[in-house]
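Participant: Kindly generate the complete structure, drawing on both the sequences and the hints.
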Amino acid sequence: MDNKIGVYICSGCDIDQALDVDELVKVAGKECKAPVAKSHPFLCSEEGVQLMREDQKNEGVNRFMIAACSQRYHEATFDMGEDSIVVRAPIREYVAWTQKTKSESGEFDEDTQLSGEEYLQMYYAKIKKHDLAEPYEQDTSKRLLVIGGGVSGMTAAMEAANAGYSVDLVEKEDHLGGFCLNEHKLIPSQSPFREPEMNSVSQAVSAVASNDLITVHAASFVVSISGQPGEFQVKLNSSGEIKEFKSGAIIMATGSEPYDVEKLNDLGSQYDNVVSSAEFEQMAKSGKILRKDGKPALNIGFIQCAGSRTPDHLSYCSGTCCMDSLKQAAYIREQNPEAKAHIIYRDMRTPGLYEDFYRTRQNDPGVFLTKGDVVGVNEIAGNNIAVDVDNTLFGEPVTLEMDLVVLAVGQVPSTLKGESALNLQYRQGPDLPELKYGYPDSHFICFPYETRRTGIYAVGSVRQPMDINDAKIDATGAALKAIQAMELTDQGKTVHPRVGDLTFPEFQLSRCTSCKRCTEECPFGVLEEDEKGTPFPNPARCRSCGICMGSCPVRIISFKDYSPNMFNDMMNSYELPDEFEEKPRILIFACENDALPVFDMAAMNRLKISPYVRIVPMRCLGGTNLVYVSDALSVGYDGVMFMGCAYGDDYQCHFVKGSELASERLGKVQETIGRLNLESERIQQFAISMNDYEKLPKIIDDFVEELEDYGPNPFKGM
Amino acid sequence: MTGRVTVNADLSFVEGLMQHGGADLKTCYQCSTCTVVCPLTPDELPFPRKEMLSAQWGLRDKLVKNMDLWLCHNCNDCTEQCPRGAKPGDVMAALRSQTIEHFSYPAVISRAAKTLNGNAVLFLIPMVLIAVVITLLNIGDGFAFLSAKPIVYANMLSVSIVDMLFVPAGLFAAFNAYKGLSNFIGGLKAQYPPTDGGESLPAAVRGAVKDVLSHIEFKKCGTNKSRNVAHMLMMYGFIGLFITTNAVMILHYLKEFGFDVQETPLPFFHPVKILANVSALAAFSGIYFIVRERVKNSATSVLSLFDWMFIGNMFLVIMTGILCQVFRVSDQANLAFFTYYIHLVMVFYMVAYASQTKFGHIFYRPAALIYARYSGRNKEIIRDL
Amino acid sequence: MNEQGKILVIGGGISGITTALEASEVGRDVVLVERSPTLGGRVSRFHQYFPKLCPPTCGLEINYKRLRANPHVQVYTNSKVLDVSGAAGSFKVKIRKDPTFVNEKCVGCDHCTEVCPSERSNDFNAGMDKTKAIFLPNKMAYPPRYVIDRPACEPGCSKCVDACKYGAVDLEMKTQEIELEVASVVVATGWKPYNASKLTNMGFSTVPNVINNIMMERIASVSGPTKGQILRPSDQKPVESIVFVQCAGSRDENHLPYCSSICCLGSLKHAKYVLEQNPEAKVHIFYIDIRTPGKYEDFVRKVQAEPNVNMIKGKVAKIVAGKDGGVVVEAEDIIRQRKVHLDVDMVVLATGMEPSLKGQTQIAGINLDEDGFVPAELQQKGIFSTGVAKRPVDVNSSIQDSTGTALKAIQTALGVS
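Protein chains in written order, with numbering that gives the first Met the number 0: chain A, 0 to 717; chain B, 0 to 384; chain C, 0 to 416.
Any given hint could be a false lead.
Quick list of simulated restraints, FRET-style, between CB atoms [as the list claims (entries may be wrong)]:
hint	chain 1	residue 1	chain 2	residue 2	range
1	A	Thr309	C	Gln361	55 to 61 Å
2	C	Asn307	A	Asp577	50 to 56 Å
3	B	Ala202	C	Gly126	53 to 59 Å
4	C	Gln228	A	Glu81	33 to 39 Å
5	C	Gln361	A	Lys435	41 to 47 Å
16 Å max Cα-Cα, derived EDC-like pairs, lysine to aspartate or glutamate [as the list claims (entries may be wrong)]:
hint	chain 1	residue 1	chain 2	residue 2
6	A	Lys32	A	Glu705
7	C	Lys317	B	Asp42
8	A	Lys435	C	Asp297
9	C	Lys104	A	Glu46
10	C	Lys164	A	Glu46
11	C	Lys317	B	Glu79
12	B	Lys224	B	Glu79
Over 12 Å on every C-beta distance to chain A, these chain C residues come out as not near it, computed from the model [stated by the list, open to error]:
hint	residue
13	Arg34
14	Lys51
15	Lys79
16	Ser89
17	Lys91
18	Lys164
19	Ser222
20	Arg300
21	Lys322
22	Glu329
23	Ala363
It is worth saying that the hints were derived from the structure and are not from the lab. Just so it is clear, CB atoms sit at the ideal spot from N, CA and C, and this is done for glycine as well.
Facilitator: Structure, rendered in structure tokens:
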């Protein structure tokens, strides 16, 4: 089908108060050569949409360039059907609401009018570079692979099975159940959260084992996983026998281990009567809370945060040890009413409804608690243990003489054991990339399940320290994410955050120089390479962010509606004013997730934005490429601003690395610009968050002002 | 670090406290709301948060020598605001009774005063003793005092016989109080060595007496402000009764020794009689307010048996005292003499066990208040707790 | 996934939005009902999230983007679920959609507010400023449509009707009753800040410059009453010293017996807000236990390392007015065993979370526990709860929970479980 572009310009929302809309229609016809160009006073009204629909029907318009409000409004209103493409030129936000309106005498401002006309041409160039996408077809599997048969893994398997999905559940031990199977009792899971619960993990094991949709592979480990979501090729070593099968998505639930008490000599782990909380759990389970010498332990001390919350061992708080020690204090009191439990904590952490468990344990006359910092643990006469505590509630440093001391140790994710549980055959390595402390990187807070390996979800205490109740909740969520990944992959669509996007990067491999930047920089490990070092993509691993596109120095990577050529055409779409005074031109590449909405916010607040900037939306700042810079400068733009999110430890990028990679690339801008003999300050990156709209005008004005010092781009008009 | 002390949690002491008034003390999570809302605590080493901790750990030795227990006047502002329902006010009261028990001599009596059975024994002693004496003295004339007119209580038990019973009881109590107090003060001295900021002993005594008489501390209470009046009525009532009882005794012996003084029972408008009746009414209304308040607050503040015995004993002493006069004047002999008998039993309980029941606070609290001034508690930081 | 019944999600905060989106992105039809005129709930009022100090609007933006393009989610704002009856697989639901008096023709041009003569207290900013009677609920409102607070209108006024060129204002708009059949129900009704006026010692509403943590969010927010300048309310003086009162209502049998689990991190975050604007400001945080589990430990360490942050074990239990708009707080510094009286510019009560449904007209068919939460075990089959409606948790946990709850709801809708 031929492409026919229609340009529809809305004059409502005061657009006609800033822009001569008739003139814009003329520009669309004359300059853009749009076959159809119309204006309407209220484009989002039924009549307005009707106008476009009629053109669709009668004129065969199938590409709609809507010059009106931003794409954040009326997305559904302007949905012109699957075979049509809609591009929005937000002249309301970028021009009408943020620039000078017409004078009282009715004259339009020259700069404002130019803005409108130039945006029209830019976005017309943009739509010309849009093609309809087709779904990525593959032969997909909808079987879920769950690695790890502890509570998290079993829950994920069970929940997926309950939604009708088949599951392969892999467990390295010869039985399911994981760490919690051997717990004496469990912390309470439901109201009133007062008493430890009977351990029900073995029931869960039976339920999983008898579920028809779940295939349990016990005594097994993953030898390798290759492929991509929907068609992961899994190779398993099952008691020496190699099994191979296909999986649609993967849940990694390999759990954690208690921190190694051997490392806690400063807390007396070398003494006979100092044990870890895990060992103590087993003592209680056997019903024999005894000292090494076989005598019953009557004075038992718990040292909280043993090896946790300290840079020397585990920096983080495992969040479970306080509850565990309170639970174990209950064992002590239950098994011997004469015995006493002493808990030395730094902060008692029983958040939420667990508070009642704390209160209930406290209320036992034989449970003694104090805040304090343990500064020494020493063996004294009778192999007793003296615990020296500072900063106590007693108002003085104290010593507690105990028969037995329990070190409440934290959780260490299984990823730190040194062997890979996934053995991914990915160029970027066999594991989920780590964020910190062995825990996998994810978009913490807003989208916690998003790891950097599409279709692979970490869950439970391997994802972050958590207790059994949270692990179950976590596992249920991960099961859904895995199901989503399988379903969307099956439809050839990408997953979060560009859910349902059908565009994937396309490579013009004939021009590839095998520089490998794309394969290295892709945060999701999408690209593998063949023997010659040429990349080949695994589209189902892709999130469509365009970071690869930004990494490619020879611009061979593009999307159906997003490409270096599109940017180039946008830059060249109108004639840049020759004169610099009063007419500099600055390009702003703005990430559509953060920076772009900031312009909308500024517009809603009717903040005035410099009329010299032209905004180009990006999927992610990671699409930043120095070729855009050299293109822009050679066309004559006086400066380029890149606006995206903050990066670093607290990165906000929905594609993890985008803005960071942009800054790395721009760090080399001097090489590009130096050749042109231009100042590198003409190119700058700005971290803009959604909250920064009040600051936005000044940031831009300051940049414009700075450019004035450098004078016009000498390439202007060449 | 110097001064590291070994802490030994005492489970049975904690269990004891929980049984005797501190049922919820373990739920305290040491937020110190109690200390902040306490209108009486000084800023340095404030109470009752630290006492709550010591109580939770059962640190008996530290607690019985704790002066701050006695600076607390049980306003219950702390209990009302406690986010954990730990009732610090009750715990402080329980700790005070523990202190009385700890120093009481002989300890068996105060232990008895904390249980129902023990109290039964404590009451049985004067009941039997007085009954036996009455029987022995009056069996000869066939209990003629019952029918003699007008009703004269001395006909049943002469003043000298009464004194022969009560003076030794009083001396017994005084001796016990002395023993207990001197140990208590020894404990205070060990725990709070006097500082430079302390007052001289006479000044401390004067100050403490003034504080007690003026009820200045009670008046600072927020939640239980009305207790100030109730306690004051009761205290002055008892002081009045103490004075009048002794006045009557003096009058009696003056008469015995031939001085020309008013004969007992005194006429209604005799100044001593007026004072006695006013005091009795004051004490009665005081105790009435206290009981009413206690019942009203029973949801938030739970009283131990130790407290109830004390309040009950006070109440009955006053009640029977008043009724004695009512029945005597209305000429109901049987009722009158029986009530008088009960009255004597109640007074005996009060007097003889004064230093072992909650009544003992009249010794311990002033001692602690004096010592607080003497050692400089209210002014200086004492780091040696 | 085969086609079965719809899922009803009650509550359009982050939990409800997440549940709706996650379920819809596997092709389920979802009805999302929100009581207020906009989605976004509590998080839309936050200036930043802990521990990354990034704006919640960023995550909301992505979610709204997912929602806008999503044909499976039907959103009812300004609507209340009145009644859920029937059984799993075929619940009958009654919804009342209250009129906003502005229809979908609204383009957001703002001409209506220019002519509106009346003002109303702005609940979005915790009542600290005013909007016109016709207003946009907030800059990120979804749907981005104005609403009219009719009781705030001048009687007989119809200036907005005349000002609207698009015919969007409809003062005759009526309440609609909607009846639906759904297969499963998710309660995601979230929370409200505990009413700090009930904390009689804390001076909220009696002592000037004692605010709650939600007000602090609004004061720090660029869309708040001070455009993000941290100024104390009484005289707009920049805050140079501030006290955070932890467990203001939480962990307190007289108020909220549970730990709200977010307030520690909230106050640590607020400390960063203050220090970002004024690094010389003195920040005091009074706590019982600092609760920053997991990776959040890094955050408390970061804040503690700030030279002007002072963290004191001991609960503030008395707050009175000081001189010149100052506030005097009293607490025991427990480790040093001394009572402290601090005179500061402003006090923030870290008030806890109370379930929204507590004290509200109940939704028939939804069972609450005594604290007002909607625990799973009290609900009939096919009814689920998530986020803070279920238990006091942070945003991150709510999102996890909501994703899992979406699966639970799907299972019921599929009739599998």
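Participant: Does each hint fit the structure? Answer for all of them.
Facilitator: The hints, checked one at a time:
1. Thr309/A to Gln361/C: 55 to 61 Å: About 48 Å separates the Cβ atoms of Thr309/A and Gln361/C, which means 55 to 61 Å is violated.
2. Asn307/C to Asp577/A: 50 to 56 Å: holds (54 Å)
3. Ala202/B to Gly126/C: 53 to 59 Å: holds (56 Å)
4. Gln228/C to Glu81/A: 33 to 39 Å: violated (48 Å)
5. Gln361/C to Lys435/A: 41 to 47 Å: holds (44 Å)
6. Lys32/A to Glu705/A: violated (37 Å)
7. Lys317/C to Asp42/B: holds (14 Å)
8. Lys435/A to Asp297/C: Since the Cα atoms of Lys435/A and Asp297/C sit roughly 11 Å apart, the hinted pair holds (cutoff 16 Å).
9. Lys104/C to Glu46/A: holds (12 Å)
10. Lys164/C to Glu46/A: holds (14 Å)
11. Lys317/C to Glu79/B: holds (14 Å)
12. Lys224/B to Glu79/B: holds (13 Å)
13. Arg34: holds (23 Å)
14. Lys51: violated (4 Å)
15. Lys79: The claim holds: Lys79/C sits with its nearest Cβ about 24 Å from chain A, beyond 12 Å.
16. Ser89: Given a closest Cβ separation of 19 Å, the condition holds.
17. Lys91: Since the minimum Cβ distance to chain A is about 24 Å, Lys91/C lies beyond 12 Å and the statement holds.
18. Lys164: violated (7 Å)
19. Ser222: Not fine: 8 Å to the nearest Cβ puts Ser222/C too close to chain A.
20. Arg300: violated (8 Å)
21. Lys322: Check passes; 32 Å lies beyond 12 Å.
22. Glu329: Non-interface label stands for Glu329/C: nearest chain A Cβ at 19 Å, farther than 12 Å.
23. Ala363: Given a closest Cβ separation of 21 Å, the condition holds.
Of the hints listed earlier, those the structure fails to meet are numbers 1, 4, 6, 14, 18, 19 and 20, in rising order.
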